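Student: Let chain A serve as the given structure and place chain B on it in line with the hints.
Chains as they are written, first to last, in our numbering: chain A, 28 to 181; chain B, 28 to 181.
Everything labelled a hint here was simulated from the structure, so no lab data went into it.
Incorrect hints may have been included.
What the hints assert, rightly or not - Pair ranges (Cβ atoms, derived): (1) A/Leu146 <-> B/Glu72: 47 to 55 Å; (2) B/Asp61 <-> A/Pro180: 22 to 30 Å; (3) A/Asp143 <-> B/Glu72: 51 to 59 Å; (4) B/Ala179 <-> A/Ala106: 49 to 57 Å; (5) A/Arg68 <-> B/Pro38: 45 to 53 Å; (6) B/Ser43 <-> A/Gly139: 35 to 43 Å; (7) A/Ile76 <-> B/Pro157: 40 to 48 Å; (8) A/Ser95 <-> B/Lys168: 30 to 38 Å; (9) A/Asp143 <-> B/Asp67: 52 to 60 Å.
What the hints assert, rightly or not - If we take Cβ atoms under 7 Å as the criterion, some of the chain A residues that face chain B in the derived model are: (10) Pro31; (11) His35; (12) Ser43; (13) Thr46; (14) Leu89.
Said to hold, decoys possible - Over 12 Å on every C-beta distance to chain A, these chain B residues come out as not near it, computed from the model: (15) Ala33; (16) Glu72; (17) Gly131; (18) Pro178.
This one's a predicted model, so the numbers in the text were calculated from it and none came from an experiment.
A virtual CB, placed ideally from N, CA and C, is assigned to each residue, including glycine.
Number of protein chains: 2
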Amino acid sequence: MCWPLAEHARPGTDLSRVTGMVLVHDLVEIDAGDLFLYADREQQERQEIAERAAADRIFALLPAEQGSVLRHLWDEFTARQSPEAKFARALDRLQPMLENLAAGGGSWQRHGITADRVLANVRLIEDGSPSLGALARNVVKRAVAAGFLAPAPA
Amino acid sequence: MCWPLAEHARPGTDLSRVTGMVLVHDLVEIDAGDLFLYADREQQERQEIAERAAADRIFALLPAEQGSVLRHLWDEFTARQSPEAKFARALDRLQPMLENLAAGGGSWQRHGITADRVLANVRLIEDGSPSLGALARNVVKRAVAAGFLAPAPA
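For reference, chain A alone in the conformation it holds in the complex:
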């Protein structure tokens, strides 16, 4: 995703750091297990603790100097302050939306997620890339029109 969508990053974005962040964040999620985006606050807090423990474990497997480079990338991804981290997080959030659209609803339908909740998450995509944010809004519109996503809670 990072390479073909590079034109949607802000000018000057260091794409090799974005690639590193998306790879490194997956290592942590493989170890800690991923969490459904719309989990409740308590689950999210448990997940944050599990991911931090996983990061502590994984990056400490490397010699200190190398471990700290990768740990720094993961911290940067998590903090979402740099343009690179914002773009990486936007990609990470856009990806399941594209999958759900392609799958005719996917996890949105299984968990009864409605368009208003998806749109609340689009803000993070917009923050990383205005044009990908616009694309994400369009994905929601198409999913609602196709009946894959309910517009609002019944």
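Tutor: Just chain B now, kept in the frame of chain A:
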């Protein structure tokens, strides 16, 4: 592998191109199916045709300009002429050796592969990185000593 082992690449190696090559070659292998390294010549020729067809299909999914960037990376990986491609191919070949050592024999044992055949493949690793080549020779030595790998055909 690419990042923590970067110090074993020749000075001046462009690591973001190496990362791109290892990612892109996996896309093609996912599509075409991977082949066991010690398959016979006929299987290898069939595999080459299948991978080229997969590459033609996958990279053509992108707009022409983007597709040609990724296709070029894949062609570079396949041709194994540039220092980046040689290093990427060395990583790709080292990885199953580390897995087989960790697994107590793995695919070497299942297919009755002997150390002489593994050592013939170490040359490609050496060509990409002399120090990783030395490490690979050591992996073979340890695997033989541990009884995970037969030294020569019975």
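Student: Are the hints correct? Go through all of them and say.
Tutor: Taking the hints in turn, this is what the structure says about them:
| no. | hint | result |
| --- | --- | --- |
| 1 | A/Leu146 <-> B/Glu72: 47 to 55 Å | holds (52 Å) |
| 2 | B/Asp61 <-> A/Pro180: 22 to 30 Å | violated (46 Å) |
| 3 | A/Asp143 <-> B/Glu72: 51 to 59 Å | holds (55 Å) |
| 4 | B/Ala179 <-> A/Ala106: 49 to 57 Å | holds (55 Å) |
| 5 | A/Arg68 <-> B/Pro38: 45 to 53 Å | holds (50 Å) |
| 6 | B/Ser43 <-> A/Gly139: 35 to 43 Å | holds (42 Å) |
| 7 | A/Ile76 <-> B/Pro157: 40 to 48 Å | holds (43 Å) |
| 8 | A/Ser95 <-> B/Lys168: 30 to 38 Å | holds (32 Å) |
| 9 | A/Asp143 <-> B/Asp67: 52 to 60 Å | holds (58 Å) |
| 10 | Pro31 | holds (5 Å) |
| 11 | His35 | violated (12 Å) |
| 12 | Ser43 | holds (4 Å) |
| 13 | Thr46 | holds (6 Å) |
| 14 | Leu89 | holds (6 Å) |
| 15 | Ala33 | violated (9 Å) |
| 16 | Glu72 | holds (30 Å) |
| 17 | Gly131 | holds (20 Å) |
| 18 | Pro178 | holds (31 Å) |
Comparing the model with each numbered hint stated earlier shows that hints 2, 11, 15 do not hold.
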